[in-house]
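Could you put the whole structure together from the sequences, leaning on the hints where they help?
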Amino acid sequence: MIAEAGQLALTFAFALALLLALVPLYGSFVANQRMLLLAKPLALGQFIFCLLAMLALIYAFRTNDFTVINVAQNSSSSLPWYYQITASFGSHEGSMLLWVLMLAGWTALVAQYSKALPLLLQGRILGILGLICVGFIAFSLFMSNPFARSLPFFPVEGRDLNPLLQDFGMILHPPLLYMGYVGFAVAFAFALAALMGGRFDSVWARWVRPWALAAWLFLTLGIMLGSWWAYNELGWGGWWFWDPVENASFMPWLAGTALIHSLAVTEKRGTFKSWTVLLALAAFALSLVGAFLVRSGVLVSVHSFATDPGRGMYLLVFLLLVVGGSLLLYGSRMNSVRSQARYQLFSREMLLWGNNIFLLTACLIVFLGTLFPLFHKELGLGSISIGEPFFNQMFYYLTIPFALMLGLGPWVRWKQQQLMPLIKPMAMVLIAALMLALGTLALMQSVQANLALLGLLLGAWVGVSALAEVMLRLKQFGSVTNGISKLNASHYGMTLAHIGFAVLVIGVAMTKTYTVERDVRMQEGDTAVVAGYEFTLQDVYELNGPNYGGQAAELDVSKAGNYVTHLHAEKRFYRIQKTIMTESAVHARLSRDLYVSLGEELPGNAWAMRIQVKPFVRWIWLGGLLMALGALLALCDKRYRRKLTGYNQANA
Amino acid sequence: MRKIIFYAPLALFLALALFLLSGLFSDPRERASAIIDKPLPNFALADLMQPDKIWTPEALTGETFLLNVWGVWCPTCNAELGYLTELRQQGVNIVGLYYELPRDPAFDAPFDLAVLQQDVALKLQQQGNPYQFNMLDLERSLSLDLGVSGAPETFIVDANGIVRAHHIGDINPQVWRTKLAPLYQQWSQP
Numbered sequence: 001m002i003a004e005a006g007q008l009a010l011t012f013a014f015a016l017a018l019l020l021a022l023v024p025l026y027g028s029f030v031a032n033q034r035m036l037l038l039a040k041p042l043a044l045g046q047f048i049f050c051l052l053a054m055l056a057l058i059y060a061f062r063t064n065d066f067t068v069i070n071v072a073q074n075s076s077s078s079l080p081w082y083y084q085i086t087a088s089f090g091s092h093e094g095s096m097l098l099w100v101l102m103l104a105g106w107t108a109l110v111a112q113y114s115k116a117l118p119l120l121l122q123g124r125i126l127g128i129l130g131l132i133c134v135g136f137i138a139f140s141l142f143m144s145n146p147f148a149r150s151l152p153f154f155p156v157e158g159r160d161l162n163p164l165l166q167d168f169g170m171i172l173h174p175p176l177l178y179m180g181y182v183g184f185a186v187a188f189a190f191a192l193a194a195l196m197g198g199r200f201d202s203v204w205a206r207w208v209r210p211w212a213l214a215a216w217l218f219l220t221l222g223i224m225l226g227s228w229w230a231y232n233e234l235g236w237g238g239w240w241f242w243d244p245v246e247n248a249s250f251m252p253w254l255a256g257t258a259l260i261h262s263l264a265v266t267e268k269r270g271t272f273k274s275w276t277v278l279l280a281l282a283a284f285a286l287s288l289v290g291a292f293l294v295r296s297g298v299l300v301s302v303h304s305f306a307t308d309p310g311r312g313m314y315l316l317v318f319l320l321l322v323v324g325g326s327l328l329l330y331g332s333r334m335n336s337v338r339s340q341a342r343y344q345l346f347s348r349e350m351l352l353w354g355n356n357i358f359l360l361t362a363c364l365i366v367f368l369g370t371l372f373p374l375f376h377k378e379l380g381l382g383s384i385s386i387g388e389p390f391f392n393q394m395f396y397y398l399t400i401p402f403a404l405m406l407g408l409g410p411w412v413r414w415k416q417q418q419l420m421p422l423i424k425p426m427a428m429v430l431i432a433a434l435m436l437a438l439g440t441l442a443l444m445q446s447v448q449a450n451l452a453l454l455g456l457l458l459g460a461w462v463g464v465s466a467l468a469e470v471m472l473r474l475k476q477f478g479s480v481t482n483g484i485s486k487l488n489a490s491h492y493g494m495t496l497a498h499i500g501f502a503v504l505v506i507g508v509a510m511t512k513t514y515t516v517e518r519d520v521r522m523q524e525g526d527t528a529v530v531a532g533y534e535f536t537l538q539d540v541y542e543l544n545g546p547n548y549g550g551q552a553a554e555l556d557v558s559k560a561g562n563y564v565t566h567l568h569a570e571k572r573f574y575r576i577q578k579t580i581m582t583e584s585a586v587h588a589r590l591s592r593d594l595y596v597s598l599g600e601e602l603p604g605n606a607w608a609m610r611i612q613v614k615p616f617v618r619w620i621w622l623g624g625l626l627m628a629l630g631a632l633l634a635l636c637d638k639r640y641r642r643k644l645t646g647y648n649q650a651n652a
Numbered sequence: 653m654r655k656i657i658f659y660a661p662l663a664l665f666l667a668l669a670l671f672l673l674s675g676l677f678s679d680p681r682e683r684a685s686a687i688i689d690k691p692l693p694n695f696a697l698a699d700l701m702q703p704d705k706i707w708t709p710e711a712l713t714g715e716t717f718l719l720n721v722w723g724v725w726c727p728t729c730n731a732e733l734g735y736l737t738e739l740r741q742q743g744v745n746i747v748g749l750y751y752e753l754p755r756d757p758a759f760d761a762p763f764d765l766a767v768l769q770q771d772v773a774l775k776l777q778q779q780g781n782p783y784q785f786n787m788l789d790l791e792r793s794l795s796l797d798l799g800v801s802g803a804p805e806t807f808i809v810d811a812n813g814i815v816r817a818h819h820i821g822d823i824n825p826q827v828w829r830t831k832l833a834p835l836y837q838q839w840s841q842p
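These protein sequences, in sequence, are chains A and B. For the first sequence, my numbering begins at 1 and goes up steadily by one. For the second sequence, my numbering begins at 653 and goes up steadily by one.
Take the hints with a grain of salt, since some may be wrong.
[As the list claims (entries may be wrong)] Once the Cα atoms are required to be at most 30 Å apart in a straight line, the calculated DSSO-like pairs of lysine-lysine come out as:
hint, chain 1, residue 1, chain 2, residue 2
1, A, LYS415, B, LYS655
2, B, LYS655, A, LYS268
3, A, LYS115, A, LYS638
4, B, LYS705, B, LYS690
5, A, LYS486, A, LYS415
6, A, LYS638, A, LYS40
[Said to hold, decoys possible] Derived CB-CB ranges, DEER-like:
hint, chain 1, residue 1, chain 2, residue 2, range
7, A, LEU8, B, ILE657, 25 to 35 Å
8, B, TRP839, A, LYS578, 40 to 50 Å
9, B, GLN838, A, HIS376, 24 to 34 Å
10, B, ALA696, A, GLN538, 42 to 52 Å
11, A, ILE384, B, ILE657, 52 to 62 Å
No wet-lab data here; the hints were simulated from the structure. For every residue, glycine included, the Cβ atom is placed at its ideal position computed from N, Cα and C.
Here you go:
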């Protein structure tokens, strides 16, 4: 009953989306104010019905309604309640509904917070978002119905949720990631609406910036959480795999990062317009391409959902209409747009242009690395695979110039910068960075130059430069204490995000260089020494969880005789899905992680153990967190909330 | 010129869509083998049962044969032994490439050829012996060169030592009839 109500709610949402896609857009071309005014209530109504549909699905999961195929295949009555809720978006069908809900949510947010926008623009933006909603709700309703029943023959027990997804990180990872993906739809709609009207100026850029920042913030958090989950749950201590689906989330992130920087130029200097619009289109287009890759079965990945050519076909046609249509509009409209501003070779514009070039090159590398095997095969050249070494090597070369520029960027003025005044402060930053990098390296047990030194140097260069720059700006207000409250929130946000990048670079370089990994055979009472830490296996015993059994190992860790910590690693066997999962034991400190995963039982009452000591691995996620925090700070900037009444009246 | 450049993203996207479209209709798990129509890679492997006898590609040329990658540890390989034995009785030449599991020096007992020979002899006695002889690829050098991803896998090698087919998975009557027998006959013609 409730499932049918959910389906009905989704159908209503579909009808409202259709209206939202047709009425305000039509109204915008015939200049009918009443039609334009309909956009907001339609957007809000659409969101409410999507929410009702999602709640109905969650209800079906919580009440173990196994007549619903989706519930029967992805949940079981022994699953803990919080995973029953997350199981509602663990399958293709459920995740599509979550995607739709997020999209409707963003649309409602735009409807709610766009009072300052001219009515015409508001109607167009919401209409475009409605158009995208139509596509996805129809996909959910007709191609992957989450409420489909298996009556009259239904199972008495469900097949349980994929154990990989039974983890805390998985509760938050999909919603955050989808918020990010779908969030770029807002910037996309803003860009399309501007293309229709032919207006791109700093005011337009100021409207788009907070939405792009918000989407980027969620995507950053989503990716970080996914990486953290993989580290905890997959049992071998990796944090990024260059898997096609990870790449599918990384590409919109790179394009989005380029977008928020390019928007800064468009807002401050009224230039880079065609570039900014293209990036706004690209960020969402890449999200859609990602969704296609994950859901069509074109690529093989651990993440991909069950494949169905019908769904793939639908998504491809949708992709062609949305992305192809918007790029066609871009091609036909963009040549009439002119940038007025002039700038010199050494200026902040040029450095941000460089930033965009590097980010897009990175995006292109990920894109080619992910899709090249497909191209290669479809051209009849045989199967190839592109793995970690390719990506690692490419990103190694890209990061060096990128970080060097990043350290310099905030110091350089708009329009034109004289070289001489910068030499002294930059030299000071360089010296400080060198001292910091060498000092840190000296503290490590073994001095391994190359990658670690390079990473530390680049990280310190970016970090020190960001800090020094913000101090300089504060001093320009008279005194530092005086300036703290006067400097823009977005400036602090930028500084924090750049420091986050520095922390991330240091984390990656140090972890790659200094990780010590040992596979050992241990009996109870045995001690293994890894990187100076003594791991003693105290006990291995049988586990008995709600929907799993297995073994747990208890270890004590000490260093030079001093007790450090106690570790608890599990190897779970999920009964219904008959899969084995490792729950690694992690002892986290800022300077290093101790990471133990329990392996197979070996003859002679012994166990295979994988023990790792991973210096600075926390810095990777800390860096991501700082970047997201920076975006949040920038979002809080006063200028995005200022009512643009003057502009509004002028254009009404 | 300035006009056309703005259509470049559209052109790139359409090219991508074309690839994605054709990708939809092909199996991503299908692997084209790189070794097809190339001569057998160079090797020198000891006979499993008579380790002093060394097999090289030259010794294998002259007649078309099946090169079957297998191991006693692999249940699917054991399941196909019976049918392969039938094929041998029908006159198909089958050479075994014995694929040993990797050994971890820390955990596993050291490699013992006598034990392996005993296991293999017992298994072939129970299930039937399709092999004219078995080569032991302990270092997996030949398996790697051939692009073997696991066991069982079977190659058809013609009389000139050229690899003509690569089959991943077991051989059963249906696979043989529909896929391998026509190829085997085609390349057996003098």
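Cross-check of the supplied hints:
Of the supplied pair hints, the one linking LYS415(A) and LYS655(B) holds, its CA atoms being roughly 27 Å apart against a limit of 30 Å. The straight-line distance between the Cα atoms of LYS655(B) and LYS268(A) is roughly 26 Å, inside the 30 Å bound, and the hint therefore holds. For a cut-off of 30 Å, the pair hint linking LYS115(A) to LYS638(A) stands: about 16 Å separates their Cα positions. For the hint linking LYS705(B) to LYS690(B), the alpha-carbon distance of about 26 Å falls within 30 Å, and the restraint holds.
At most 30 Å may separate the alpha-carbon atoms for a hinted pair to count; LYS486(A) and LYS415(A) meet this at roughly 24 Å. For the hint linking LYS638(A) to LYS40(A), the alpha-carbon distance of about 25 Å falls within 30 Å, and the restraint holds. A C-beta distance of roughly 49 Å is found between LEU8(A) and ILE657(B), which places it outside the suggested range of 25 to 35 Å. Distance hint check: the CB atoms of TRP839(B) and LYS578(A) are about 42 Å apart, consistent with the given range 40 to 50 Å.
Remark: the range hint 24 to 34 Å for GLN838(B) to HIS376(A) is upheld by a beta-carbon distance near 28 Å. Checking the proposed 42 to 52 Å range against ALA696(B) and GLN538(A) shows it holds: the Cβ atoms sit about 50 Å from each other. A hinted range of 52 to 62 Å for the beta carbons of ILE384(A) and ILE657(B) is inconsistent with their spacing of about 32 Å.
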